[in-house]
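Engineer: These are the residues of each chain, in order.
Protein chains: 2
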Amino acid sequence: MSESNAVLIGKKPVMNYVLACITLFHGGAKEVSIKARGRSIGRAVDVAEVVRRKFLPDVKVKKIGIGTDQVEAREEGSQPTNVSTVEITLER
Amino acid sequence: MSESNAVLIGKKPVMNYVLACITLFHGGAKEVSIKARGRSIGRAVDVAEVVRRKFLPDVKVKKIGIGTDQVEAREEGSQPTNVSTVEITLER
Numbered sequence: 009m010s011e012s013n014a015v016l017i018g019k020k021p022v023m024n025y026v027l028a029c030i031t032l033f034h035g036g037a038k039e040v041s042i043k044a045r046g047r048s049i050g051r052a053v054d055v056a057e058v059v060r061r062k063f064l065p066d067v068k069v070k071k072i073g074i075g076t077d078q079v080e081a082r083e084e085g086s087q088p089t090n091v092s093t094v095e096i097t098l099e100r
Numbered sequence: 009m010s011e012s013n014a015v016l017i018g019k020k021p022v023m024n025y026v027l028a029c030i031t032l033f034h035g036g037a038k039e040v041s042i043k044a045r046g047r048s049i050g051r052a053v054d055v056a057e058v059v060r061r062k063f064l065p066d067v068k069v070k071k072i073g074i075g076t077d078q079v080e081a082r083e084e085g086s087q088p089t090n091v092s093t094v095e096i097t098l099e100r
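From first to last, the protein sequence lines are chains R and A.
Per the working numbering, residue 9 is the first one in the first sequence, and the count goes up by one each step.
Per the working numbering, residue 9 is the first one in the second sequence, and the count goes up by one each step.
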């Protein structure tokens, strides 16, 4: 899948990311990948559900994957920490 | 799938739910379903990742589903709200 069709979920309101997804689909994308980690994971699910149920009923969830990223510690000498990740692939 | 092999994720520490999953697998379960909604969704992913990576490497993610529940409004007369849900099925 092309990485350019990825929407990275951060701390903005859900609707911002919903709009990003819709814009990609309207631009001709067949697949859009919603990626999040840590505390944004719940928001990624919200985005996928709103896109699918409210705006683009022909869009389906193709695949959902979970994983773990290792994040460098902010302070020197401390251990890297693990953060969970999710990737939800929507397909039209 | 038998509903008795479900672990419902709430607001307790991740390790509580990890232990619940491990106990079910040790009790002979072939599948354990981790369910969460709203703000607990991120924690559900954490639980699945910790079970799989730290404790039971032979456990795989079989399926992940997302959905939306309608929740009754707390105050009379107000609209019901939607909450996202996730179900992660682990298989050994």
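In case anyone wonders, no lab produced these hints; they're calculated from the structure.
Don't take each hint at face value.
To be verified - Under the rule of at most 35 Å between Cα atoms (straight-line distance), these lysine-lysine pairs were calculated in the DSBU-like manner:
no.	chain 1	residue 1	chain 2	residue 2
1	R	K68	A	K68
2	R	K19	A	K71
3	A	K20	A	K68
4	R	K20	A	K62
5	R	K20	A	K70
6	R	K38	A	K20
7	A	K19	R	K20
8	A	K38	R	K20
9	R	K38	A	K68
10	A	K20	R	K62
11	R	K71	A	K43
12	A	K70	R	K70
13	R	K68	A	K38
14	A	K62	R	K62
15	R	K19	A	K68
Engineer: None of the hints should be skipped; say for each whether it holds.
Structural biologist: Outcome of the hint check:
{"no.": "1", "hint": "R/K68 to A/K68", "verdict": "holds, 24 Å"}
{"no.": "2", "hint": "R/K19 to A/K71", "verdict": "holds, 27 Å"}
{"no.": "3", "hint": "A/K20 to A/K68", "verdict": "holds, 24 Å"}
{"no.": "4", "hint": "R/K20 to A/K62", "verdict": "holds, 32 Å"}
{"no.": "5", "hint": "R/K20 to A/K70", "verdict": "holds, 31 Å"}
{"no.": "6", "hint": "R/K38 to A/K20", "verdict": "violated, 39 Å"}
{"no.": "7", "hint": "A/K19 to R/K20", "verdict": "holds, 23 Å"}
{"no.": "8", "hint": "A/K38 to R/K20", "verdict": "violated, 39 Å"}
{"no.": "9", "hint": "R/K38 to A/K68", "verdict": "holds, 28 Å"}
{"no.": "10", "hint": "A/K20 to R/K62", "verdict": "holds, 32 Å"}
{"no.": "11", "hint": "R/K71 to A/K43", "verdict": "holds, 18 Å"}
{"no.": "12", "hint": "A/K70 to R/K70", "verdict": "holds, 14 Å"}
{"no.": "13", "hint": "R/K68 to A/K38", "verdict": "holds, 28 Å"}
{"no.": "14", "hint": "A/K62 to R/K62", "verdict": "violated, 39 Å"}
{"no.": "15", "hint": "R/K19 to A/K68", "verdict": "holds, 30 Å"}
The structure fails to meet hints 6, 8 and 14 from the earlier list, while all remaining hints are met.
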